[in-house]
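Engineer: As a plain string of letters, each chain reads:
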Amino acid sequence: MGAALLRKQFESLLGGHLGWQAKPATEAVPSGIPEIDLATGGLPRGCLTEIFGAPSSGRASLLVSILAGATARQEFCALVDAEDAFDPLSAAAAGVELPRLLWIRCGHNAAHALRAADLLLQGGGFGVVALDLGDTPVRAARRISLTSWFRLRRAVEHTPTVLIAVERQSNAKTCASLMLELSREQARWSGGMLASARLLGGMRVAVARRKPGLALTAVFESGERMLATNEHR
Amino acid sequence: MFACLHGTGNLAAVAFDFSPLVEQTAPDTVTCDVAGLDRLFGAAQELAAALARRAVETGVRAAVALAANPDAAICAARGFSGVSIVPQGDEAKFLGRLPVALLRPSAELQETLERWGIRRFQDLAALPPLGIAERLGAEGLQLRELARGEAERKLTPLEEPPRFEEELELEYPVELLEPLEFLLARLLNGLTTRLATRGLATNELRLRLHLETRATHERTLRLPAPSLDGKSFLKLLRLDLAAHPPAAPIERIKLGMNPVKPQAAQGGLFVLAAPEPVKLELTLARIQAIVGEGRAGCPELLDTHRPDAFRLQKPGDRHHCPKAPLLRRVDSAVCPPHLIRMYRPPRMARVTLASGQPSFLAAEGIRGRILERAGPWRTSGDWWTTDPWSRDEWDIALSDGALYRIYCEIRGWFVEGSYD
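If you read the protein sequences in the order shown, they are chains A and B.
Residues in the first sequence are numbered consecutively from 294, following the numbering used here.
Residues in the second sequence are numbered consecutively from 1102, following the numbering used here.
Calculated directly from the structure, the hints in this document are not laboratory data.
Treat the hints loosely; a few may be bogus.
To list a few chain B residues with every Cβ distance to chain A over 10 Å, as calculated [to be verified]:
#1 A1149
#2 A1239
#3 R1299
Label pairs and their calculated CB-CB ranges [claimed, not checked]:
#4 A1343(B) with T510(A): 24 to 34 Å
#5 Q1458(B) with R481(A): 16 to 26 Å
#6 E1279(B) with K301(A): 51 to 61 Å
#7 T510(A) with E1473(B): 22 to 32 Å
#8 R1162(B) with A365(A): 53 to 63 Å
#9 L306(A) with E1279(B): 36 to 46 Å
#10 R1162(B) with H401(A): 56 to 66 Å
#11 G308(A) with L1413(B): 51 to 61 Å
#12 E1282(B) with R481(A): 57 to 67 Å
Backbone N, C-alpha and C define an ideal beta-carbon position, used for all residues, glycine too.
Looking at chain A on its own, in the form it has when it is part of the complex:
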């Protein structure tokens, strides 16, 4: 009762301004895929965004699209790759400026990846820090304690960094501010025995926003396979 009275007095001092307790809106950056930006409003800075889904559900495509956008904005990015799975060739073809990307190869060790991500966040100055646990076995990813996720969330708070975790299943729970679940709807095929033929043509991916608020769904198509030209030497 006393607190309510004090609050009333304080608000009367502020001239009836009731928004003094409201948090300032977090800045969001585009993901590079308009369909996802429309559904989610972009990726929040200073927060943990979780991207999860089954293998071949378009998680890496979305991640690289985010990195390409960030490096195009002259931001320095870091990719903590727990399973050493990043392909620089296709990332460069997708528009990622490799000199602006710090790649940490953790050699199949999720614990090392978590520590490296923590150090990067403490160091500061990164536009995007991505923790890729996409190929980490589900059991190993589940063993990451909630405390570790909380530590990462605290480290990224009040910084202009976008922290992204890519996984098979959601593990960060309450620590994630935005959760995106990806699933592949269909794959487009092309090709044949002809030398000029392409192989996997593309994928149609559905993205479901699991958090915050009500579930929203977006669908995007990923492009054709990147190939270096003049391969037949």
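Since the structure of chain A is already known, use the hints to place chain B on it.
Structural biologist: Relative to the frame of chain A, chain B by itself:
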């Protein structure tokens, strides 16, 4: 007593090892004041021999001369090869047989002396000073003094280039990293202060540890940008020494810094600040202590079409950027590309063929019927080298729900990665 070095190489560096008063007389001649060094070296012969030894050690080829005045030493060094010591009081006799051209007279004076038949120092020294003053003026008189070895003058000192090196001889060998850290902190503090007073910074730290076993342990840390942050330097050295510990206890520490101008950069008003270079270096060193050396950096594509050809380099290190292979970029604004997750190393697979096409796949952690397939995409390269490669790629959809890239080469079938 003055010493002169005449020859090629870094003569000034040799001279500064013996004296703080050094004159760069000519590009090939350096003179220094060595008065008082007899207490350290003994006789003049010993000093001259030490100078010659030092010159040989530093790769300098020079004639060495010692004399009571600088010009006599210069004439002796230019006129005689090897080591020469001009006896005090007998300079005229010692230098007498040298050609007058060594004194570098003006062309007009040289011609006059030629006409008079004056070719050697002793000829010029024997001429009466009054007659020379009447006929050749002040220049002639100065030449006569030089020829007699009597010219007296002060050296024009050369400023010693600042050397940012500190050395510490330890009373007892240090075995642990922690006490070594204290000593390094002391050296770093002194060096960074000296750099700061001259408005300089450093981009390279050179650590040389002399060990109990008479061996040396050397480490060089190159920074991506010039800095003066002693605390970060200490942390970098600590991390580096933890990763590369010396093999034996340390008896002597030598720490050097490369002096460079500090770097100032204007950041963009609307651009997110990049990580501070030295801080990033420190973060990288800490991460490499966890994940292993050479496993963190900016990827750089190599100029080859060999699959998975890249290398990692330090952020900001773009000294030699090889031409990357031509890539057909997908417009990610219109259509985001789909990426492959690589398996490193590729997983060896057992593939069953039906009508010449893969129908079943079994590899480590992957097993299933192939529901859809496209291929083969035949690639090859480097056939002109000793390490050629050639393979047939297939993209497959497996019954486990994932899309994979598999390939067949001479060693068999492999799963390269999964599309994601």
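Engineer: Now look at each hint and say whether the structure bears it out.
Structural biologist: Going down the list of hints, with the structure as the test:
1. A1149: holds (56 Å)
2. A1239: Non-interface label stands for A1239(B): nearest chain A Cβ at 66 Å, farther than 10 Å.
3. R1299: holds (29 Å)
4. A1343(B) with T510(A): 24 to 34 Å: violated (50 Å)
5. Q1458(B) with R481(A): 16 to 26 Å: At 19 Å between Cβs, range holds.
6. E1279(B) with K301(A): 51 to 61 Å: holds (59 Å)
7. T510(A) with E1473(B): 22 to 32 Å: Roughly 25 Å apart at Cβ, these two residues keep to the hinted range, so it holds.
8. R1162(B) with A365(A): 53 to 63 Å: holds (57 Å)
9. L306(A) with E1279(B): 36 to 46 Å: violated (56 Å)
10. R1162(B) with H401(A): 56 to 66 Å: holds (58 Å)
11. G308(A) with L1413(B): 51 to 61 Å: Because 58 Å falls inside the window, the suggested range holds.
12. E1282(B) with R481(A): 57 to 67 Å: Since E1282(B) and R481(A) have Cβ atoms about 59 Å apart, the given range 57 to 67 Å holds.
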